[in-house]
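Chemist: In case you want the letters, here they are:
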Amino acid sequence: MEIYVHIPFCVQKCLYCDFFSRTSDESVKDRYFRDLEEEIREDGRTGSYVSSVFFGGGTPSCVPEERIIEILDLLKEKYRVDPAAEITLEANPGTLTKKKLKLYQEAGISRLSLGLQSADDKVLKKLGRIHDFAAFEESFRLAREAGFTNINVDLISGIPGQDAKSFEKSMKRVLKLGPEHLSVYSLIIAENTPFYALYGPEGSLKETLPSEEEDREQVEMTRALMKAYGYRQYEISNYARPGAECRHNIGYWTQEEYIGFGAAAASFYYTDPEKTKAERVKHAESMDWRKLPPEEKEELSLSGLMAEYMILGLRMNEGVTGTKFKEMFGREMKDEYGHILDRYETYGVVKQEGDRVFLTDYGQDVCNLLFEEFL
Amino acid sequence: MAADLSKIRNFCIIAHIDHGKSTLADRIIEKTGLLTAREMQSQVLDNMDLERERGITIKAQAVRTIYRAKDGNEYIFNLIDTPGHVDFNYEVSRSLAACDGAILVVDAAQGIEAQTLANVYLALDHDLEVFPVINKIDLPSADPEGCAKEIEDVIGIEAMDAPRISAKTGENVEDVLEAIVQNIPAPVGDSEAPLQALIFDSLYDSYKGVIVFVRIKEGTVKPGDRIRMMATGAEADVVETGVFGAGQFIPYQEGLSAGMVGYITASIKNVQDTRVGDTVTLAKRPAKEPLPGYKRVQPMVYCGMYPADGAHYQDLRDALEKLKLNDASLFFEPETSVALGFGFRCGFLGLLHLEIIEERLEREYNLDLVTTAPSVVYKIHKTDGTEIDLTNPTNMPPAAEIDYMEEPFVAAEIIVTSEYIGSIMELCNERRGIYKSIEYIETKRAVLKYDLPLNEIIYDFYDALKSRSRGYASFDYELKEYVRSELVKLDILVNHEEIDALSFIVYAGSAYERGRRMCEKLKEEIPRHLFEIPIQAAIGSKIIARETVKAVRKDVLAKCYGGDITRKKKLLEKQEEGKKRMRTFGNVEIPQSAFMSVLKLDDN
Chain A
1 MEIYVHIPFC
11 VQKCLYCDFF
21 SRTSDESVKD
31 RYFRDLEEEI
41 REDGRTGSYV
51 SSVFFGGGTP
61 SCVPEERIIE
71 ILDLLKEKYR
81 VDPAAEITLE
91 ANPGTLTKKK
101 LKLYQEAGIS
111 RLSLGLQSAD
121 DKVLKKLGRI
131 HDFAAFEESF
141 RLAREAGFTN
151 INVDLISGIP
161 GQDAKSFEKS
171 MKRVLKLGPE
181 HLSVYSLIIA
191 ENTPFYALYG
201 PEGSLKETLP
211 SEEEDREQVE
221 MTRALMKAYG
231 YRQYEISNYA
241 RPGAECRHNI
251 GYWTQEEYIG
261 FGAAAASFYY
271 TDPEKTKAER
281 VKHAESMDWR
291 KLPPEEKEEL
301 SLSGLMAEYM
311 ILGLRMNEGV
321 TGTKFKEMFG
331 REMKDEYGHI
341 LDRYETYGVV
351 KQEGDRVFLT
361 DYGQDVCNLL
371 FEEFL
Chain B
1001 MAADLSKIRN
1011 FCIIAHIDHG
1021 KSTLADRIIE
1031 KTGLLTAREM
1041 QSQVLDNMDL
1051 ERERGITIKA
1061 QAVRTIYRAK
1071 DGNEYIFNLI
1081 DTPGHVDFNY
1091 EVSRSLAACD
1101 GAILVVDAAQ
1111 GIEAQTLANV
1121 YLALDHDLEV
1131 FPVINKIDLP
1141 SADPEGCAKE
1151 IEDVIGIEAM
1161 DAPRISAKTG
1171 ENVEDVLEAI
1181 VQNIPAPVGD
1191 SEAPLQALIF
1201 DSLYDSYKGV
1211 IVFVRIKEGT
1221 VKPGDRIRMM
1231 ATGAEADVVE
1241 TGVFGAGQFI
1251 PYQEGLSAGM
1261 VGYITASIKN
1271 VQDTRVGDTV
1281 TLAKRPAKEP
1291 LPGYKRVQPM
1301 VYCGMYPADG
1311 AHYQDLRDAL
1321 EKLKLNDASL
1331 FFEPETSVAL
1341 GFGFRCGFLG
1351 LLHLEIIEER
1361 LEREYNLDLV
1371 TTAPSVVYKI
1381 HKTDGTEIDL
1391 TNPTNMPPAA
1401 EIDYMEEPFV
1411 AAEIIVTSEY
1421 IGSIMELCNE
1431 RRGIYKSIEY
1441 IETKRAVLKY
1451 DLPLNEIIYD
1461 FYDALKSRSR
1471 GYASFDYELK
1481 EYVRSELVKL
1491 DILVNHEEID
1501 ALSFIVYAGS
1511 AYERGRRMCE
1521 KLKEEIPRHL
1531 FEIPIQAAIG
1541 SKIIARETVK
1551 AVRKDVLAKC
1561 YGGDITRKKK
1571 LLEKQEEGKK
1581 RMRTFGNVEI
1591 PQSAFMSVLK
1601 LDDN
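Listed in order, the protein sequences are those of chains A and B. Heads up: the first sequence is residues 1 to 375, going by my numbering. Heads up: the second sequence is residues 1001 to 1604, going by my numbering.
Same shape as in the complex, but just chain A:
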């Protein structure tokens, strides 16, 4: 199984962000980590095999490094964490020091995910980020010096005022540094964010958002550029050097079991030995998550699991296969979804090559229309 730990603290909340995170004082953090530790200790899966750990946020790097290391040590003590496990920590430029990075490295953190979002200082201001590009370059250099050989950089496309050309420039500045992995997300205007007020359906600036066509132009440029630089796209928004794909995230898309600790963290586990039933539970988005009922709880039957196999599996360039489907559910993918897949193949959304089914580039742009059909 995989483990996710949510660290809901930030130096400053970004204007587009709808994740559960806060700018909190030390006493809140103290209490949070105490509850977090307690939650881990009380978990009943002691001794289970763990293939990856992911510290997400928020900004896990904005709390004192000992906190993170203590949690990681606790996890290693309680579970059977694979010595070669992928252990990722999300970090933001402006919160990293040489010493901090060294301690992370020594504690066994093997992968860093740096939130850059844009290489254009003006755009960074617009997003409400605390750092400029120079600060990112510095953090990246320090991370390499500390021995990190697996670094991801997050970028956002489709930001108002940004076009394919300026985004390409931004991307090239990052690619020059040679990160192993890039996540490039098309901007989502999420509800309950300052960006929603500006760019949402009622927003005064919504006209400045790129059109569907302009947004896709940036995505197409990204695909081409990444290919030219020797990266492989392996999911709608993710690119990696061969072998540097994020194993933790692939676990989400291939229905591996995971446990989430902390506020707003989600767990997914099978509820019968044949894996024909499962549950997904997301903790409350609150510092009091342990006392509150879950934010979401979903029970999945076999048909729900089959639908998710398609929806999540097709997000990946590798796609899904009839063989794997049969192995997991004991049924033929063709019988369940053949008519849908055939129809969407004529629309140019999917391709069926022998046993394998995957999205075309166009299919990646409009996949929701296909995914709805599985539900």
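By construction, these hints were calculated from the structure, which means they are not laboratory data.
Cut-off 30 Å, straight-line C-alpha distance, at most; resulting in silico cross-link-like pairs (BS3-like, lysine-lysine):
1) A/102 <-> A/176
2) A/126 <-> A/206
3) A/13 <-> B/1570
4) B/1559 <-> A/324
5) A/100 <-> A/13
6) B/1559 <-> A/172
7) B/1554 <-> A/126
8) B/1559 <-> A/351
Far from chain B by the CB rule (all over 10 Å, computed), these chain A residues:
9) 81
10) 99
11) 243
12) 287
13) 327
14) 331
15) 352
The structure presented is a predicted model; accordingly, all values stated were derived computationally and were not measured. Glycine is no exception: its CB is placed at the ideal position from the N, C-alpha and C atoms.
Following the hints, complete the assembly by docking chain B onto the known chain A.
Modeler: Below, chain B alone, put in the same frame as chain A:
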């Protein structure tokens, strides 16, 4: 036993929308003591939920209360509420004919408005005594004195002594009650004369059969009497007579006599037999002639109504049958459409009537409906000499078989203030109106008379009139005659497939424009698909307009990790739910709203 006519007051309240008609009616009922404030559901007279929401009265209602006046006598008040829309003008006129006087309510802050005048003239046409009441004096912006002066100047009725009230707070409502006694004339009539009772509404009750609302003009009717409807010829034996309590029927077995307002039941099964405006008389001793003003109301507008889910066809039939029990002007018969399957062709008095029936079917009977473009009845003269009435564009014969066509025209009267005359005349010209006359009723107001094709006014004429006159125009019409006209059938093709439910008949000269706007509107309504969708308007095989719905470019969730999956799946499910409310034609999904939206094409 004859009633003491001098102690009866039969009246209605007339007002512009939102000037407080229903609130005042409630107060009158409350202050006359028939109901306590606690028992009152607010706005007793507007019965249907739909009426409350729209703030209009659809069916006539009546209530009888008893008032002890300052002179020490008890008076019977019969308050008759009237419908408030041009579609129901005939019903309004019959309700007014059942009264002897009217209270004119004017908002002290708004002053006189278009409907105020139209209603006053209507009341005066029926020889009703009208006295004004100035309402909403509790509003900070109220100007009761200015309002009174305006009533005197514009309408020419005495208003300086008009009660100044707040129906909302109840302030000075007693003055209105006294004014009713003083100003509304007592009814006249001879209870020994042959019966003449005016039907001003009827209601179907599953226990009692049809409950006929009447104003007795002459004579007396009692349980046991055999009655005859003079226009329909239907006869029945009276089971019960009674008067109107608030929200209930109070039997009054001594019978109803001249001057009284009440109801009759006679185990009548069908409201078709008790048409509004007809005269009830006694079979044994009939009146020489009916009361004046009876008109058989004919549906003016037809459209197709289909269940969104074909499995609900029988439910739709049952619901229409139930509604028809109470609505003599509703017509329906089965029809089929290639696009929409099995449904009904339904006939209505006008577009509002159509919308009300549609809403009631959806709300009270929980039906999801697809409605096709309304059409008037065209007369087609075929080359073989036969003539057909065309109520459904799909049934239009091939052009070669048509000698010529005729369409219905109405004589319309529009009352408008002088500054908007220009824009209203322009509107009438756009709608192929034939100018008849203009006449100033006072320095700033005029009556414009036009002959207009009915098919130009059924869709959105009323809305266009209101928006181009800022609400200061009122409008009335009646069917005049059929006129020979150049008409064509316009077809709509979506992704090269003809959608029969979107076909309609249009004046040849407007076909290009209509077709273009239809295509534009459908382009907005049809969501982007995974392929390009041409939308075309055609007359026969000739394409006259085209729009294209471009293929979708982006519909993707960029992020989907462990904590996102449940929520994102819900988004997808919601989007999929939306699709279920669409109709599939070939590969194209058309939202049901598209079928109605193409009606509102006026851009101004």
